[in-house]
Amino acid sequence: MADADDAREIVTILQETGFDAVAGELMQALAARRQRPDRALTLDAADADEEKAPKLIASEVFRRPAISPRPARQKGRPQTELEFALDFITTRLIQPAQALAEAERIVGELAEGPPALIEFATSSDGSDALPRGEAEAGEAEAAARLADAVERVRREQGEGGA
Amino acid sequence: MAITVAAASNLRAMLAGFRAAHSSLAVPTGQGKALEAWVLMRLALAARAVGWTVSLRQGDDRPLPPGSSFIFPANGSPLKPASATAPMFVLIEHAQIGAFELHGSLTWKGRSTATHECDVSMVPRDVAVALRSRRRPGYPRGLPIVIVECKDKVTNATLDEMRQMLARMFDLALVTRPSVGACRIYQGAARPTLWGRHGSQYRALYRRGLFVVARSSDFQSGARTLADHYSIAAIDDVYSARRIAEIERRFQQMLSEIRTF
Chain A
437 MADADDAREI VTILQETGFD AVAGELMQAL AARRQRPDRA LTLDAADADE EKAPKLIASE
497 VFRRPAISPR PARQKGRPQT ELEFALDFIT TRLIQPAQAL AEAERIVGEL AEGPPALIEF
557 ATSSDGSDAL PRGEAEAGEA EAAARLADAV ERVRREQGEG GA
Chain B
165 MAITVAAASN LRAMLAGFRA AHSSLAVPTG QGKALEAWVL MRLALAARAV GWTVSLRQGD
225 DRPLPPGSSF IFPANGSPLK PASATAPMFV LIEHAQIGAF ELHGSLTWKG RSTATHECDV
285 SMVPRDVAVA LRSRRRPGYP RGLPIVIVEC KDKVTNATLD EMRQMLARMF DLALVTRPSV
345 GACRIYQGAA RPTLWGRHGS QYRALYRRGL FVVARSSDFQ SGARTLADHY SIAAIDDVYS
405 ARRIAEIERR FQQMLSEIRT F
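Protein sequence lines, in the order shown, are assigned to chains A and B. Going by our numbering, the first residue of the first sequence is number 437, and it counts up by one from there. Going by our numbering, the first residue of the second sequence is number 165, and it counts up by one from there.
Hint data in this document are derived by calculation from the structure and do not stem from the laboratory. Just so you know, not all the hints are guaranteed correct.
Derived CB-CB ranges, DEER-like [to be verified]:
no., chain 1, residue 1, chain 2, residue 2, range
1, A, E587, B, Q417, 33 to 43 Å
2, A, R470, B, A346, 28 to 38 Å
3, B, S233, A, E587, 27 to 37 Å
4, A, E572, B, A353, 27 to 37 Å
5, A, E548, B, T322, 35 to 45 Å
6, B, P192, A, P550, 24 to 34 Å
7, B, A353, A, A467, 29 to 39 Å
8, A, D456, B, A331, 26 to 36 Å
9, B, T193, A, P507, 38 to 48 Å
10, A, G549, B, T322, 37 to 47 Å
11, B, P192, A, E572, 35 to 45 Å
12, A, E570, B, A346, 23 to 33 Å
13, A, P507, B, A353, 45 to 55 Å
14, A, S563, B, T279, 18 to 28 Å
Cut-off 20 Å, straight-line C-alpha distance, at most; resulting in silico cross-link-like pairs (EDC-like, lysine to aspartate or glutamate) [stated by the list, open to error]:
no., chain 1, residue 1, chain 2, residue 2
15, B, K317, A, E548
16, B, K317, A, D561
17, B, K244, A, E555
Where a beta carbon is used, it is the ideal one built from N, C-alpha and C, also for glycine.
This is chain B alone, in the form it adopts within the complex:
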């Protein structure tokens, strides 16, 4: 049965209204950024639910005033010197455990010196503060505690997409002890700030953290096989309540174990 004239007209009118209301979603990258922002904020809420203190921070590290816009970078960005125009982030703190920052589109530097943009990542507070205190933008180095790659695509993920995630994690992981000293994460500087335990085995290191590919559609079976072996969570249909709750649960579980990292 063809679409009725009335239904088509209604759809047209609602799409026009939708475009007026949500212009960002008309551009090719808009829906991807919306997914990143949502996942990051849901993780922030999940941290608060298990006793962490959560605050939104401006680029100069001051608390975001109520009612003020929260600004994400639309493209990958290193950690910039503290300023009002630097990207904002979420600070999570726990008196007995430590402090960390959740960032959108933060770029990390790998062992090859190639840079890797992570849609949502978590960096130790000390490392981030050290980078913001510098005069030029800088990159955290090492394997992030959290990486969530957000794929707001309608088509199913190919095996190559999971290979990309794994290649990112491979280059970032400091399985060879860095020159600054044994650690998991540091910022390159004359007096680097180090965090975490060094790990010499990839799979063991990947088990200490949360690594997720979150998609609005599904994965091909080969992608899941690769993901499972390397402790990457392949989350399909991420907008469903059950699936986002799965990410939140894993994040909370990781926070309970982070002292061992």
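Isolated chain A (complex conformation):
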């Protein structure tokens, strides 16, 4: 029950901070997960073994680590609902923000200029777009801070369970 309470607290925090749609998605995912508890053991975590990355024929992959990985799971231990909720924030918010920032840096590199904004036009003439936010082109500091906050919750949970 405590685990479910923690996950519900994450949902509440998302709602309080204006992420109502995201909170709804998390609630749906948690409900689906409860119906299939065996899935808790089959959800894959990020593969942290970067040493085995396939060699590119020629590589210009950005060398700076752009996207926070999800933490590796301990084998044989079911993922708790809180862990699932924290992974959800990472996958749903942090990683896309960091990816979009990297894409904007690539736009800058290809256009031989500074990082440039990427926008998504919702109208056929391009006059309307998805809301953009205050982040500068190519910048994802807010995502990094959110990742730290998520990691703090994870860390404290781990210390509390030790």
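Fit chain B to the supplied structure of chain A, relying on the hints for placement.
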């Protein structure tokens, strides 16, 4: 152990800051569009790494000025007549091989005349130029050289998701020779522009190209079985360095073989 008050307060504050910085990710489709944009730009960089000339183009086909925003369509879009407000794209060119365009959310038309939006797709330059020269929006027809379906979902993919990808490829593939002449891709017009070799067998045609379902989470085993049989790459945990590098490697390999398509 319950979440501490301090940790919850910190999380709340960081989420508020994140929302201010990245409003688009608060809406249901925002994270999906971010993944599409990132995959497309990583492919552009991967092409440049193996000797292709890469340029960003505005909707009127002029080079994107440095510092200017790159605008993707948020929803599926046919190829529109050349104009400053038409969707932008990435042009890749190789003197010995040819020229192609990478598009986000480009809609293609299948044999059934149903339309299919492809999150990231690649179209021959000649076909795209012919479509942009027309007065009305038009659809490329045939099996794209590249399709990357981006699924930024937390839940694992079901078999149905892979069936959807396969159904899209089935309707787009010109295994029956089209009336305009034997080809892989063309644009429907009085004087159509044709590209590529005609293929009468699905699996052989699917081996000539790059077809990817890229997910932030994982696939169920049945989905991978279907994907493997039809040469669709099932890429899980796409945000990890290893997995995006896998897509880039396959793209580069495909570019080295494209002359045979």
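For this session: Could you see if the CB distance from E587 (chain A) to Q417 (chain B) stays within 33 to 43 Å?
Result: Distance hint for E587 (chain A), Q417 (chain B) holds at roughly 37 Å.
Problem set entry | Outcome of range test on Cβ distance (T193 (chain B), P507 (chain A); 38 to 48 Å) | 27 Å, violated
Problem set entry | Assessment of proposed distance window 29 to 39 Å (beta carbons of A353 (chain B), A467 (chain A)) | Given about 50 Å between the Cβ atoms, the range is violated.
For this session: For the range 35 to 45 Å, tell me whether the beta carbons of P192 (chain B) and E572 (chain A) fit it or not.
Result: 25 Å, violated
Problem set entry | Distance restraint between K244 (chain B) and E555 (chain A), which requires alpha-carbon spacing of 20 Å or less | This hinted pair holds, its Cα atoms lying about 18 Å apart.
Exercise. Per the hint of 45 to 55 Å, is the separation of the Cβ atoms of P507 (chain A) and A353 (chain B) within bounds?
Worked result: About 53 Å separates the Cβ atoms of P507 (chain A) and A353 (chain B), which means 45 to 55 Å holds.
For this session: Look at the Cβ atoms of E548 (chain A) and T322 (chain B) and judge whether their distance stays inside 35 to 45 Å.
Result: Holds: the Cβ-Cβ distance is about 43 Å, inside 35 to 45 Å.
Exercise. Taking the CB of S563 (chain A) and the CB of T279 (chain B), does the distance hold inside 18 to 28 Å?
Worked result: At 23 Å between Cβs, range holds.
For this session: Given the range 24 to 34 Å, decide if the beta-carbon distance of P192 (chain B) to P550 (chain A) lies inside it.
Result: 31 Å, holds
For this session: Given the range 27 to 37 Å, decide if the beta-carbon distance of E572 (chain A) to A353 (chain B) lies inside it.
Result: Roughly 43 Å apart at Cβ, these two residues miss the hinted range, so it is violated.
Problem set entry | Range agreement (Cβ of T322 (chain B) with Cβ of G549 (chain A), hint 37 to 47 Å) | 43 Å, holds
Problem set entry | Distance restraint hint 27 to 37 Å, applied to the beta-carbon atoms of S233 (chain B) and E587 (chain A) | This hint holds: roughly 32 Å between Cβ atoms.
The structure does not agree with the numbered hints 2, 4, 7, 9, 11, 12, 15 and 16 stated previously, though it agrees with the rest.
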